[in-house]
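Asker: Fit chain B to the given chain A structure using the hints.
Sequence lines, in order, name chains A and B.
Going by my numbering, the residue at position 234 of the first sequence is 234; the numbering climbs one at a time, nothing skipped.
In my numbering, each residue's number is its place in the second sequence (first place is 1) plus 263.
Keep in mind that the hints were calculated from the coordinates and are not lab data.
You may find that some hints are simply not true.
Have a look at the derived ranges for each label pair, beta carbon to beta carbon [what the hints assert, rightly or not]:
{"hint": "1", "chain 1": "B", "residue 1": "ALA482", "chain 2": "A", "residue 2": "GLU178", "range": "46 to 52 Å"}
{"hint": "2", "chain 1": "A", "residue 1": "PRO148", "chain 2": "B", "residue 2": "ALA570", "range": "49 to 55 Å"}
{"hint": "3", "chain 1": "A", "residue 1": "GLU9", "chain 2": "B", "residue 2": "ALA489", "range": "53 to 59 Å"}
{"hint": "4", "chain 1": "A", "residue 1": "ALA210", "chain 2": "B", "residue 2": "ARG579", "range": "58 to 64 Å"}
{"hint": "5", "chain 1": "B", "residue 1": "ARG465", "chain 2": "A", "residue 2": "GLN258", "range": "35 to 41 Å"}
{"hint": "6", "chain 1": "A", "residue 1": "VAL164", "chain 2": "B", "residue 2": "VAL483", "range": "35 to 41 Å"}
{"hint": "7", "chain 1": "B", "residue 1": "VAL483", "chain 2": "A", "residue 2": "GLU19", "range": "26 to 32 Å"}
{"hint": "8", "chain 1": "B", "residue 1": "LEU450", "chain 2": "A", "residue 2": "ALA210", "range": "48 to 54 Å"}
{"hint": "9", "chain 1": "A", "residue 1": "ASP160", "chain 2": "B", "residue 2": "GLU309", "range": "38 to 44 Å"}
Within a straight-line C-alpha distance of at most 25 Å, the following computed SDA-like cross-link-like pairs (lysine to any residue) qualify [what the hints assert, rightly or not]:
{"hint": "10", "chain 1": "B", "residue 1": "LYS490", "chain 2": "B", "residue 2": "MET439"}
{"hint": "11", "chain 1": "B", "residue 1": "LYS304", "chain 2": "A", "residue 2": "HIS117"}
{"hint": "12", "chain 1": "B", "residue 1": "LYS304", "chain 2": "A", "residue 2": "ASN68"}
{"hint": "13", "chain 1": "B", "residue 1": "LYS478", "chain 2": "A", "residue 2": "ASN68"}
{"hint": "14", "chain 1": "B", "residue 1": "LYS490", "chain 2": "B", "residue 2": "ASP411"}
{"hint": "15", "chain 1": "B", "residue 1": "LYS304", "chain 2": "A", "residue 2": "PRO94"}
Each residue gets a CB set at the ideal place from its N, CA and C atoms; glycine is no exception.
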Amino acid sequence: MAVDVKIPENMELVYTYPESLTEVSTHYCPGCTHGIVHRLVAEVLDELDIRERTIGVAPVGCSVLAYNYIKTDFVEAAHGRALAMATGLKRVNPDKIVFTYQGDGDLAAIGTAETVHAANRGELLTTIFINNAIYGMTGGQMAPTTLPGMVTTSSPLGRDCSIVGFPIKMSEILAQTEGAVYITRQSSAGLAAIRKLKKAIKRAFMVQLAGLGYACVEVLSTCPTNWNRDPWESIQWVEEEMPKYFPLGDYKVTDAVQALKVK
Amino acid sequence: MAKELLKGNVAFAEAALRYGLEAYFGYPITPQSEALEHLSKRMVEEGRVFLQAESEVAAVNMVYGAAAAGVRTMTSTSGPGFALMAEGLSYIAGSEVPAVFVNMQRGGPGLGNIQPSQADYFFMVKTAGHGDFHPIVLAPANIQEMIDMVGLAFDLAEKYRTLVYIAGDGSLGQMMESAELPPMQALPTERPDWAVTGCEGRDPNLITSLYLGAKNLEAVNLRLQAKLREIEENEIRYQEYEVEDAEILLVAYGTVGRICTTVVREARKAGLKVGLLRPQTLWPFPLARLRELAGQVKVMFVSEMNAGQMLEDVERAAAGQCPVKFYGRMGGVVPLTDEILNAVKQLAEEVR
Numbered sequence: 001m002a003v004d005v006k007i008p009e010n011m012e013l014v015y016t017y018p019e020s021l022t023e024v025s026t027h028y029c030p031g032c033t034h035g036i037v038h039r040l041v042a043e044v045l046d047e048l049d050i051r052e053r054t055i056g057v058a059p060v061g062c063s064v065l066a067y068n069y070i071k072t073d074f075v076e077a078a079h080g081r082a083l084a085m086a087t088g089l090k091r092v093n094p095d096k097i098v099f100t101y102q103g104d105g106d107l108a109a110i111g112t113a114e115t116v117h118a119a120n121r122g123e124l125l126t127t128i129f130i131n132n133a134i135y136g137m138t139g140g141q142m143a144p145t146t147l148p149g150m151v152t153t154s155s156p157l158g159r160d161c162s163i164v165g166f167p168i169k170m171s172e173i174l175a176q177t178e179g180a181v182y183i184t185r186q187s188s189a190g191l192a193a194i195r196k197l198k199k200a201i202k203r204a205f206m207v208q209l210a211g212l213g214y215a216c217v218e219v220l221s222t223c224p225t226n227w228n229r230d231p232w233e234s235i236q237w238v239e240e241e242m243p244k245y246f247p248l249g250d251y252k253v254t255d256a257v258q259a260l261k262v263k
Numbered sequence: 264m265a266k267e268l269l270k271g272n273v274a275f276a277e278a279a280l281r282y283g284l285e286a287y288f289g290y291p292i293t294p295q296s297e298a299l300e301h302l303s304k305r306m307v308e309e310g311r312v313f314l315q316a317e318s319e320v321a322a323v324n325m326v327y328g329a330a331a332a333g334v335r336t337m338t339s340t341s342g343p344g345f346a347l348m349a350e351g352l353s354y355i356a357g358s359e360v361p362a363v364f365v366n367m368q369r370g371g372p373g374l375g376n377i378q379p380s381q382a383d384y385f386f387m388v389k390t391a392g393h394g395d396f397h398p399i400v401l402a403p404a405n406i407q408e409m410i411d412m413v414g415l416a417f418d419l420a421e422k423y424r425t426l427v428y429i430a431g432d433g434s435l436g437q438m439m440e441s442a443e444l445p446p447m448q449a450l451p452t453e454r455p456d457w458a459v460t461g462c463e464g465r466d467p468n469l470i471t472s473l474y475l476g477a478k479n480l481e482a483v484n485l486r487l488q489a490k491l492r493e494i495e496e497n498e499i500r501y502q503e504y505e506v507e508d509a510e511i512l513l514v515a516y517g518t519v520g521r522i523c524t525t526v527v528r529e530a531r532k533a534g535l536k537v538g539l540l541r542p543q544t545l546w547p548f549p550l551a552r553l554r555e556l557a558g559q560v561k562v563m564f565v566s567e568m569n570a571g572q573m574l575e576d577v578e579r580a581a582a583g584q585c586p587v588k589f590y591g592r593m594g595g596v597v598p599l600t601d602e603i604l605n606a607v608k609q610l611a612e613e614v615r
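Extracted from the complex, chain A is given alone in its bound form:
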């Protein structure tokens, strides 16, 4: 469904779709922050003028249809295999920009090996990692990142860490790999956080453009539908509860990455 915007003659267009974002309504639920992150990626592709040389790798999860919204060449990977597929793509297209967009089940459970090894090889790839502590598309089951005590459809009594283990901290893990040069955890909740997030996403693409190494931006995100919270409560939960377990901030920034001037 294209969005038809008519601008009255006495007004000026000051805000519109980035060129890299398709003008359609998304399938995402109200209050889901996938739409915000998609838009930020699209703005960054526009600002760096790389849309026509970028290849996206979509995951399995709610953002499986990311290619309907971000206007670049795209492939659809198997669940968890985005970074292996991206490795193949980038190695034969070294002059192209390849990014993966992955959720927590995809990147931090079924794809842990592919993720850690791509980072460790220092693949020249950019990952946008959506952490909303739940499996969204399959109906709200426990994720590798589900918080202790959190009720999901497969942990109805709350996550009991003595039985199922602990929420996995991927940014902390990836920061330990030699090949990763930029690892950061940001939030998609609140205007100030979104501005910082955009800067991080831009830096992560610039890292690849400069050929410095592997970059991953973890994004704390919402899932109102499966959290049984309304959009506003969800945003508050991301702001107040998630950072207690998943502290925001940079986990690895090499000197070369620090030296990049991100406008």
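Answerer: Just chain B now, kept in the frame of chain A:
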């Protein structure tokens, strides 16, 4: 090019490079590791992509990525590794990107052993992976044929945008014999128009196996099936040896097919009317030709290095027109010419 003494694994790897392999991804597994080792040196020398993956799961998805980018790409493995690739194989089939896989089969199930086997026939021919699809499966019987089939595999993969498997076995990988490698082929300067290469000056391309909506996916299924029928129409390959007046028709492929050539020669010396049909494509299978021959011979005799897997396809082809007998060895045991010959002689007594 002159003939040279080549080890099977090195031969197919070097042939792939000369046929324009641009990217190889693999994981070590016996009995095919020499291919990975050879390419780790040669691909780098030629300025091409070689990467040792963290697993076969990763390797197949790296192949998937490179295939989506429109370059000649492949991996090689053996049964346990091929099993790990099954997920990716299905995605590649659903996405219709060309890719080549070599399986140097070993004894199974489980870890089994590292001796030659044909125990992955069902797995390769009846599709390793979920969903409705068929790969093309080529079955070389000697190193020269394996070299030639690497080129054929790339051509067929690209012609039909499909998966092509080469069904080798441990002996084909490990043996040495004299064979001729192809000349070095120039790499293409352009990528196919469907490939993902960045959407400069065009609408974005999408490589996916996801089709939401039952009717949408069924339309894709029907198109894939139509392509498979076209492959069945055009790409069945087999060799016949002394079948004209044969009363006993041997049916065997790969290493056992080669052994059965000797069996036919020895049987003919003994005055027995024995012939051989050796399928070179296991899928598409020479069903119609075998059905025709089933009406002419007294009996068919299948031999495999497994418990009788192609046997089921031969029985399907024979469709009750003649009995179908079987002699197989398992566990990595390669049958000797005399073993099969004795079984054939005994059969000749029975059907006299």
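Asker: Please go over all the hints and tell whether each is borne out by the structure.
Answerer: Status of each hint after checking the structure:
{"no.": "1", "hint": "B:ALA482 - A:GLU178: 46 to 52 Å", "verdict": "holds (47 Å)"}
{"no.": "2", "hint": "A:PRO148 - B:ALA570: 49 to 55 Å", "verdict": "holds (51 Å)"}
{"no.": "3", "hint": "A:GLU9 - B:ALA489: 53 to 59 Å", "verdict": "holds (54 Å)"}
{"no.": "4", "hint": "A:ALA210 - B:ARG579: 58 to 64 Å", "verdict": "holds (59 Å)"}
{"no.": "5", "hint": "B:ARG465 - A:GLN258: 35 to 41 Å", "verdict": "holds (37 Å)"}
{"no.": "6", "hint": "A:VAL164 - B:VAL483: 35 to 41 Å", "verdict": "holds (38 Å)"}
{"no.": "7", "hint": "B:VAL483 - A:GLU19: 26 to 32 Å", "verdict": "holds (30 Å)"}
{"no.": "8", "hint": "B:LEU450 - A:ALA210: 48 to 54 Å", "verdict": "violated (28 Å)"}
{"no.": "9", "hint": "A:ASP160 - B:GLU309: 38 to 44 Å", "verdict": "violated (55 Å)"}
{"no.": "10", "hint": "B:LYS490 - B:MET439", "verdict": "violated (37 Å)"}
{"no.": "11", "hint": "B:LYS304 - A:HIS117", "verdict": "holds (22 Å)"}
{"no.": "12", "hint": "B:LYS304 - A:ASN68", "verdict": "violated (41 Å)"}
{"no.": "13", "hint": "B:LYS478 - A:ASN68", "verdict": "holds (19 Å)"}
{"no.": "14", "hint": "B:LYS490 - B:ASP411", "verdict": "holds (24 Å)"}
{"no.": "15", "hint": "B:LYS304 - A:PRO94", "verdict": "holds (20 Å)"}
Hints 8, 9, 10 and 12 from the list above are not met by this structure, while the remaining hints are.
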